[in-house]
Structure formats: C-alpha cells, structure tokens
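Number of protein chains: 2
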Amino acid sequence: MKAFIINTTHEYPVKISVPFPVLKENEVYLKLTASSLNHRDLWITKGLYPGIRIGAIMGSDGCGMIDDKAYIINPGLDWGELQSHQSSAFRVLGVPDDGTFGQFIAINKKYLFPKPEHLSHAEAASLPLAGVTAFRALIKKACVCPGDKVLITGIGGGVALFAMQFALAMGCYVVVSSSNDLKIAEAINLGANAGYLYTNPDWAKNLIADIGGVDIIIDGACGDGFEKLIKVCNPGGRIVFYGATAGKIENINPQSIFWRQISIMGTTMGSQEDFSEMVDFVNNHKISPMIYKTLDFEEIAKGFEIMESGSQFGKIVFSYTD
Amino acid sequence: MKAFIINTTHEYPVKISVPFPVLKENEVYLKLTASSLNHRDLWITKGLYPGIRIGAIMGSDGCGMIDDKAYIINPGLDWGELQSHQSSAFRVLGVPDDGTFGQFIAINKKYLFPKPEHLSHAEAASLPLAGVTAFRALIKKACVCPGDKVLITGIGGGVALFAMQFALAMGCYVVVSSSNDLKIAEAINLGANAGYLYTNPDWAKNLIADIGGVDIIIDGACGDGFEKLIKVCNPGGRIVFYGATAGKIENINPQSIFWRQISIMGTTMGSQEDFSEMVDFVNNHKISPMIYKTLDFEEIAKGFEIMESGSQFGKIVFSYTD
Chain H
1 MKAFIINTTH EYPVKISVPF PVLKENEVYL KLTASSLNHR DLWITKGLYP
51 GIRIGAIMGS DGCGMIDDKA YIINPGLDWG ELQSHQSSAF RVLGVPDDGT
101 FGQFIAINKK YLFPKPEHLS HAEAASLPLA GVTAFRALIK KACVCPGDKV
151 LITGIGGGVA LFAMQFALAM GCYVVVSSSN DLKIAEAINL GANAGYLYTN
201 PDWAKNLIAD IGGVDIIIDG ACGDGFEKLI KVCNPGGRIV FYGATAGKIE
251 NINPQSIFWR QISIMGTTMG SQEDFSEMVD FVNNHKISPM IYKTLDFEEI
301 AKGFEIMESG SQFGKIVFSY TD
Chain A
1 MKAFIINTTH EYPVKISVPF PVLKENEVYL KLTASSLNHR DLWITKGLYP
51 GIRIGAIMGS DGCGMIDDKA YIINPGLDWG ELQSHQSSAF RVLGVPDDGT
101 FGQFIAINKK YLFPKPEHLS HAEAASLPLA GVTAFRALIK KACVCPGDKV
151 LITGIGGGVA LFAMQFALAM GCYVVVSSSN DLKIAEAINL GANAGYLYTN
201 PDWAKNLIAD IGGVDIIIDG ACGDGFEKLI KVCNPGGRIV FYGATAGKIE
251 NINPQSIFWR QISIMGTTMG SQEDFSEMVD FVNNHKISPM IYKTLDFEEI
301 AKGFEIMESG SQFGKIVFSY TD
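Line by line, the protein sequences are chains H and A.
Residues 1 to 322 in my numbering are what the first sequence spells out, letter by letter.
Residues 1 to 322 in my numbering are what the second sequence spells out, letter by letter.
Hints in this document: simulated from the structure, not taken from any laboratory.
Don't take each hint at face value.
Since the list can't tell identical chains apart, any single copy or any two copies may satisfy a pair.
[Claimed, not checked] Below, in silico cross-link-like pairs of lysine to aspartate or glutamate (EDC-like), each with a Cα-Cα straight-line distance of 16 Å or less:
(1) 228 to 250
(2) 109 to 25
(3) 109 to 250
(4) 248 to 224
(5) 31 to 67
(6) 248 to 227
(7) 31 to 68
(8) 248 to 273
(9) 24 to 78
Required output: the full structure, derived from the provided sequences and hints.
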C-alpha cells in the first residue's frame with residue numbers, strides 16, 4: 001500500500017510503498033478516507049520531537065471505513081488508568097507507531113469512535129488530536145462555566161479554534177488574540193466577541209479597559225508574552241497551556257499570581273474518557289471543525305508547506321479519494 | 001489601653017496609649033490573652049505591604065476572652081461569597097484595621113471561633129493566619145490525599161510547619177527543605193520522612209534518586225529555585241505557593257509542565273469556610289502548633305528581631321499576662 005513515512009528528520013515525509021500492516025491482538029483494519037495535519041507532524045520532520053522512529057508512517061488524525069461504517073481514531077495510545085496524567089507507556093499515534101498517512105491502518109478497536117453523523121469525512125479527520133487537547137484544556141482543566149470570559153491565544157491553530165468553538169457552545173464570552181488582523185476578523189465572524197493583536201504592546205491594557213479581564217485563558221505559546229496573560233487574568237482565574245511555540249516563561253511576578261488566586265495548568269492531549277466526552281460534546285452541540293484547505297492524499301508535502309508558513313486558519317486536511 | 005502601632009514604615013511597632021475602641025455593628029470586645037507574629041508584620045514595618053495606615057494597631061493573630069470563654073480570631077476580613085478568591089473588600093486583620101497587638105480588640109463576632117480545647121492560649125494564637133493559609137494551600141488547592149508525597153519548602157516558617165503537620169495528619173509521606181541542617185533535623189524529629197538542604201545544588205537530583213519525585217509541593221519562596229520544584233514534581237502533580245520571599249520566577253521550561261500535566265497555583269489566606277474547616281481539622285487531629293518562643297506583650301520588638309534574623313523554627317508568640 002502507499003504511505004508517507006518519515007525518512008530523515010530534515011525533510012517532509014516521502015511517499016513509498018509499504019507492506020500491508022499485520023494485525024496484532026484486538027486490532028482491526030481501517031481503510032482511511034481522510035487525515036489531517038498537526039504541528040506535531042511538522043516538528044517531527046524537523047527532528048524536534050522525542051521518540052522519532054525513522055521509517056514510521058506519519059499522521060495522528062484519521063477517519064476511515066470498516067465495511068460501510070465510518071470511524072475516527074483516538075490518537076492517544078495507552079493513556080492509562082489515571083485521569084490526572086498519561087502513563088509512561090503513552091504515545092501519540094503516528095511516529096513511533098505507524099499513523100494515518102497511509103491507505104490502511106491496523107488499529108486497536110478500542111481507539112475507534114463512530115464518526116459524528118453531522119460531519120463529512122474531512123471534517124471528522126480534523127477533530128481527534130486538536131479536539132481532545134482543546135476539550136481537556138477548557139472543560140477538564142479550566143472547568144469552564146457558561147458566562148465565563150475566555151481568552152484563546154493564537155487563534156487560527158487547530159487547538160485554539162476548537163477551544164473557541166467549545167467555549168462559544170458553552171455560552172462563554174470569547175476573546176481571541178493573534179498577530180494577524182485577518183485571523184481576528186475571521187474569528188469574530190465565527191462568533192468570537194472580540195480580538196486583540198498581541199503584536200500591539202498595549203493589547204493587555206486595552207483588553208482590561210474593554211472588559212476588565214478574563215476568567216480563563218487557553219494558550220499554546222508561553223514565552224515572553226506569558227507575563228501579560230497573568231495581567232489580564234481575573235482573580236480566581238485559570239491559565240491553561242498546551243504548547244510553547246514562543247519558548248520559555250520568564251519574568252513572572254509571583255505576587256500577582258498568589259494574591260489573585262490564579263492557577264496555571266499544563267495539559268497535553270487527553271484520556272480515553274476525555275476523547276469520548278469530546279466526541280459526545282461535538283455531537284450534542286453539532287460543532288463543525290474549521291477546515292482551511294482540503295488537499296489530496298498525494299499533496300501531503302504541500303500541507304506541510306502551508307503549516308510551516310503559519311498562514312492557515314483552521315485545519316489542513318487530506319482526502320483519500322482512492 | 002496599651003497597644004503597639006505602626007508609627008513609621010522604618011521601625012518596629014511602638015507602644016503607646018490609645019483610646020479604648022468603639023464598637024461598630026455586630027462587634028464585640030475581646031480581651032486579648034495572646035498574639036503571634038507573621039512575616040506580614042515584618043514587611044509592614046519595612047513599608048513593603050500595600051494599604052499601610054500609619055497609627056493602626058498591628059497584629060493579625062490573636063486569642064482572647066469574652067467573660068469566661070476563650071476565642072481565636074479569623075484574621076481574613078470580608079473575604080466575600082466566592083470560595084475561589086477574596087473580594088476586593090478583603091483585608092487581613094492588623095493594618096489597616098486595628099489588630100491584635102493591643103489589650104482589647106473590637107471585632108465582628110462572626111470572626112470569632114472557640115479556642116480549640118487542647119491548645120493553650122499561646123498555641124491557639126499561633127494558629128489563625130498561618131493555619132488557614134496552609135490549610136487552603138494543602139487541602140483546598142492541592143487536594144492532598146493520604147499517601148501523597150508532599151514537599152514543604154522553607155521548613156521552620158509558620159505556614160510551612162502547619163502544612164507539614166496537616167500533611168502528616170493526612171497520612172502523607174512528607175519531605176521538607178531548608179537552608180539550615182538543624183531545621184531539617186527538627187522537622188524529621190517531628191515526623192517528616194526526609195529533608196533536603198536547598199543550598200546543595202544537587203538537592204533535586206538527590207530527591208529524585210531517593211523517592212522518585214513528589215506529588216504536591218507547598219512553597220513560599222518562588223525565585224530562581226522554582227525551576228527545580230518543577231523538576232521534582234511528579235506527572236499530574238500540584239505546586240502551590242503562598243509567598244515569594246525569593247522573588248520572581250524565571251527560566252521555566254513549559255514543556256516540562258504541560259507534558260507532565262503539572263498545575264501551579266497561587267494562594268493566599270483563606271475564606272471564612274476554609275478557616276472554619278481548618279479549626280475543625282486541628283480539633284479532630286489534635287494538632288498543636290509549634291512555638292519557637294513565647295515572649296511577653298512588652299517584648300514585641302524582640303519578636304520582630306528574631307523573625308528578621310530568620311532563625312526561628314515555629315511561631316513567635318506574645319503572652320498578655322496582664
């Protein structure tokens with residue numbers, strides 16, 4: 001069968017013919033119909049991810065068929081029994097385990113969930129990794145409530161957009177930030193109440209002047225800008241981060257955290273239970289993932305180029321027409 | 001009556017004669033029998049605390065009598081209705097409100113709780129501020145469970161010692177840190193399972209080699225050493241800090257936080273509910289505060305000197321013999 005593998009850690013995945021996978025215990029064959037791209041995939045092609053196995057089929061997100069039934073895959077493998085954190089056996093699907101950028105995948109059937117009926121295959125393939133990450137961050141860690149003011153940073157990325165959609169579905173007042181005016185306009189068009197250009201040094205001051213502050217922040221950047229997230233966080237508020245594209249956290253004044261009873265929580269991916277609840281939430285609220293571009297399976301390298309440019313607003317999806 | 005007031009922000013409180021306080025609505029007179037010192041008092045005498053009112057009677061912690069009944073005071077005034085954080089009206093007793101370093105105090109009766117019977121007046125006066133801070137940090141924020149491994153930094157301080165005693169009462173495995181070998185030995189003598197000199201650059205490595213890591217950390221220092229707290233924190237762990245004697249937090253690697261699902265929470269003082277539950281906990285577990293030195297009411301300046309030297313292990317208490 002055809003598949004895109006990680007060949008070296010300094011190029012995009014390459015398409016080769018690989019043997020048809022052999023089933024292990026409890027595994028079934030899923031004929032993939034769509035997959036989507038995550039930042040994780042890009043980092044793997046740059047060698048910036050632990051546990052890279054050269055030759056592995058890439059791809060964490062997938063939708064596919066068994067006979068006439070459609071499924072999506074929970075890409076969080078062997079999370080373990082605890083809800084608080086993943087076990088040491090945990091892996092994200094797609095390097096080192098063979099992933100979704102192939103025509104078929106052999107996957108333990110416990111990771112298969114029926115495709116939400118209101119979603120196309122392309123939309124469903126956009127959901128798993130970013131959806132479960134956003135769900136755990138917003139619902140399980142930040143414990144969002146209707147009416148909360150929620151700031152989602154870096155709007156346009158997969159996790160950020162799901163966090164925005166989930167928060168809007170919960171009845172929150174949602175503000176977003178970006179370095180790109182157009183992405184802010186697009187988020188407001190989708191229902192966000194306001195947006196701030198974080199490249200404006202006064203953005204935090206402006207947010208406080210406009211709405212006082214926010215109760216919950218979902219961030220994927222960290223870095224120098226983290227200090228301002230604390231400034232705009234209301235007393236009793238929660239800052240949850242799932243990534244660190246802007247690097248280390250510096251120059252934090254602890255007094256502004258403890259006196260205002262703020263909690264800062266790291267999160268990554270989610271448990272099997274988180275995934276199941278996320279799918280229920282998406283079904284109940286009829287949430288449709290934002291797709292930026294649907295490409296053909298053959299055009300996977302082009303997807304990586306778009307992601308590397310940072311221009312996308314929504315998920316980059318690959319449709320397996322064959 | 002006699003009282004110690006803050007006269008300038010560059011000297012210890014001075015004893016003067018002040019008018020007997022006038023009762024406001026819902027207030028009663030408590031004849032003070034003992035009080036204790038907190039770091040907050042020292043900071044006020046250095047001008048390092050917001051909202052200082054020159055001329056106010058100092059002192060947050062107190063025990064006293066109404067007729068033949070003994071009470072302690074919850075020093076957290078007007079916390080408000082929410083458990084998550086204090087209202088903007090919140091003040092800690094003793095500057096700007098007149099505090100416990102006087103012969104009498106006029107206090108709203110809702111802040112009075114019966115003195116735990118197993119405690120002397122001096123012991124009971126040690127409990128309020130440090131006790132409620134430790135209780136909220138350990139029980140309400142970190143959600144400690146029996147069997148958890150708990151690290152208490154800076155052992156010897158009031159909050160740290162209560163956190164240690166509460167964690168031991170909960171059936172935790174408790175390790176402590178200090179810059180002072182003798183304080184570590186004393187903590188182990190009181191029931192702590194192990195201790196580490198944080199002045200040893202290898203302390204974190206040694207802790208990990210010894211016990212793997214800890215589930216909960218209660219810290220009052222922050223500063224450069226905070227990075228090592230993250231290193232020794234187990235996946236799913238909680239780091240709760242109530243102070244920042246070592247200053248700003250720098251050089252934090254977010255990946256080590258989000259991948260390991262760690263939460264970092266600021267906390268200060270506690271609600272009326274926290275205080276009430278803390279007193280119940282102390283009664284149920286028959287916990288006796290650690291007193292370092294009991295001085296006479298007249299010797300309040302001497303208490304400040306001891307606290308400034310940092311040599312104390314436990315609370316500095318003033319007994320009002322008259």
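Within, between, both or neither, where residue 228 and residue 250 count as close if Cα-Cα is 16 Å or less: The answer is both: 11 Å in one copy and 15 Å across copies each meet 16 Å.
Intra- versus inter-copy proximity for residue 250 and residue 109 (alpha-carbon distance at most 16 Å): Classified as neither; 44 Å inside a copy, 45 Å across copies.
Status of residue 78 relative to residue 24 across identical chains (alpha carbons, at most 16 Å): within (15 Å within a copy, 62 Å between copies)
Identical-chain pair category, residue 31 with residue 67, by Cα at 16 Å: within (9 Å within a copy, 83 Å between copies)
Within, between, both or neither: residue 248, residue 227 at alpha-carbon 16 Å: both (11 Å within a copy, 11 Å between copies)
Identical-chain pair category, residue 248 with residue 273, by Cα at 16 Å: neither (31 Å within a copy, 38 Å between copies)
Copy assignment of residue 31 with residue 68, given that the CA separation must stay at most 16 Å: within (11 Å within a copy, 82 Å between copies)
Alpha-carbon proximity context of residue 109 and residue 25, limit 16 Å: within (10 Å within a copy, 68 Å between copies)
Intra- versus inter-subunit Cα pairing at 16 Å for residue 248 with residue 224: Classified as both; 7 Å inside a copy, 14 Å across copies.
Hint check: violations occur at hints 3, 8; the rest are consistent with the structure.
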